[in-house]
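*Asks:* Single-letter residue listing:
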Amino acid sequence: MEEEGVVLLEFWSSPYVMRVKIALEEKGIQFLYKEEENIFLGKSPLLLEANPIYKKVPVLIHNGKPICESHNILEYIDQVWKDKFPILPHHPYERARSRFWIDFFDKMIYDIGRRMWASKGEDQEDAKQEFLKSLKLLEEELGDKPYFGGGQFGLLDIALIPFSCRFYTYETFCKFNLEKICPNLMKWVNKCNERESVSKALPNPYKVYDFGLEVKKMLGIE
Amino acid sequence: MAEELKLFRTWSSPFALRVIHALKIKGLEYETIFEDLSSKSASLLQYNPVNKKVPVLVHNEKPVCESLVILEYIDETWKQCPLLPRDPYEKAEARFWAKFGDEKLLSSIWNVLITQGKQLEEATAEAVQNLKLIEEQLKDKKFFGGETIGYLDIAFGWTVNLISILEEIIDQKLVDEEKLPLLSAWMQNFSDDPVIKDCWPPRDKMIAKYQAMREPYLKKVVSQ
Chain U
1 MEEEGVVLLE
11 FWSSPYVMRV
21 KIALEEKGIQ
31 FLYKEEENIF
41 LGKSPLLLEA
51 NPIYKKVPVL
61 IHNGKPICES
71 HNILEYIDQV
81 WKDKFPILPH
91 HPYERARSRF
101 WIDFFDKMIY
111 DIGRRMWASK
121 GEDQEDAKQE
131 FLKSLKLLEE
141 ELGDKPYFGG
151 GQFGLLDIAL
161 IPFSCRFYTY
171 ETFCKFNLEK
181 ICPNLMKWVN
191 KCNERESVSK
201 ALPNPYKVYD
211 FGLEVKKMLG
221 IE
Chain A
1 MAEELKLFRT
11 WSSPFALRVI
21 HALKIKGLEY
31 ETIFEDLSSK
41 SASLLQYNPV
51 NKKVPVLVHN
61 EKPVCESLVI
71 LEYIDETWKQ
81 CPLLPRDPYE
91 KAEARFWAKF
101 GDEKLLSSIW
111 NVLITQGKQL
121 EEATAEAVQN
131 LKLIEEQLKD
141 KKFFGGETIG
151 YLDIAFGWTV
161 NLISILEEII
171 DQKLVDEEKL
181 PLLSAWMQNF
191 SDDPVIKDCW
201 PPRDKMIAKY
211 QAMREPYLKK
221 VVSQ
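So the protein sequences, as listed, match chains U and A.
Residues in the first sequence are numbered consecutively from 1, following UniProt numbering.
Residues in the second sequence are numbered consecutively from 1, following UniProt numbering.
Incorrect hints may have been included.
Said to hold, decoys possible - Computed far set for chain A versus chain U, every beta-carbon distance over 12 Å:
no. : residue
1   : Leu23
2   : Ser38
3   : Ala94
4   : Thr148
5   : Ser164
Said to hold, decoys possible - Derived lysine to aspartate or glutamate pairs resembling DMTMM-like cross-links, with alpha carbons at most 25 Å apart:
no. : chain 1 : residue 1 : chain 2 : residue 2
6   : U       : Lys207    : U       : Glu194
7   : A       : Lys52     : U       : Asp123
8   : A       : Lys52     : U       : Asp111
9   : A       : Lys91     : U       : Glu140
10  : A       : Lys6      : U       : Glu94
11  : U       : Lys145    : A       : Glu61
12  : A       : Lys91     : U       : Asp106
13  : A       : Lys79     : A       : Glu61
14  : A       : Lys26     : U       : Glu94
15  : A       : Lys52     : U       : Glu141
16  : U       : Lys84     : A       : Glu103
17  : U       : Lys107    : A       : Glu147
18  : U       : Lys84     : A       : Glu90
19  : U       : Lys84     : U       : Glu94
20  : U       : Lys65     : A       : Glu135
21  : A       : Lys40     : U       : Glu140
22  : A       : Lys53     : U       : Glu194
23  : A       : Lys6      : U       : Glu139
24  : A       : Lys40     : U       : Glu141
25  : A       : Lys62     : U       : Asp103
26  : U       : Lys65     : A       : Glu61
27  : A       : Lys53     : U       : Asp78
28  : A       : Lys53     : U       : Asp111
Claimed, not checked - Cβ-to-Cβ under 10 Å is the rule here; a few derived chain U residues that face chain A:
no. : residue
29  : Ile73
30  : Ile77
31  : Gln79
32  : Asp83
It is worth saying that the hints were derived from the structure and are not from the lab.
No experiment lies behind these values; they were computed from the predicted model shown.
We put the CB at the ideal spot given by N, CA and C, even for glycine.
Start from the sequences, fold in the hints, and give me the full structure.
*Replies:* Laid out in structure tokens, this is it:
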């Protein structure tokens, strides 16, 4: 790959891409972004070359070398640009906790997120309950800290906050209200959105909802 | 404070093996607590209330869950015999392939276990394709970690044990020496390593266990 410097292969609606954008912004790293036209209709030759295994965004290309998988990219960014705004917690135990929760959330949302958006009836209801159970666990983990990282905005905050732009979509499809169910978590969402890196990276939730409807139509899901 | 390490595991868990290998390489003493997953102990539920799964490593009463997370924790806490590469790009590659092993490779190997006939042929082809991708990561090294066993060797270690068990059950080679020469050699090198070779779970018990897991899927096809 010829790309020099830092290039991010992305698509505007991907929360996994948003994770990387937030991290790059917090670290003040200059980067070029290359947006896929529509990730649901086809993938660019560059994306297929950079991520032949999963063919997904985000991919960070740093001096011609591709790094795939958003969590992986966050850890890479933190190690390479270690003098600016540390993302990972300092202590190995705290790191392990953050990594555990990211792994937990990613496995959950991959299946549950899709079912809340695309299913109906009992399957959708089960997905909704699973989602709310998971959010409550996260709210418990947050406790009364301002961020998951404690006083400092860090890895777990960066990994989770992008999904907040999908909350309106989930709430609307599955009929629930997160302000009532997870008030502390929603306070954390608002606090994170005060950061420029987050407000720049996250699209408007209504735009996400409309796109969700459009994709359903495109894929023939009723 | 004296270090206290406890490992909650089952006798057969391939993911627990990862933790055992890492602890052995680092020369760390630990206590083993065997769990019966059909009747989980109060301690396990206390240490891993979210997933309620093994393995869990408890270090001075602080629990760490998920085997790949545990590997990184061990490597960051005890600096001797480093497991992960130092170079950020190589580290990212190692983590990527470890996850590939847990996702794509594991599910393709599971499909080999639960199918027969034409479906087994297709499942085998897919598993071999995934194994080829992993073999490419070896390049011409003895181990994924280079001259010595590292993170990715440990992450893939479960394949060495499980694949040989599977091959016996389905009476078919999955890792053919001719088609996957480097991977074949790696499996032998890994198994022969003094740290690894005494750690395998009892083979006859493993065969019985996986045979029993396969049975219901074969019966389902017959009764259709």
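*Asks:* Tell me, in ascending order, the numbers of any earlier hints that this structure violates.
*Replies:* 3, 9, 16, 17, 22, 23, 26, 27 and 32
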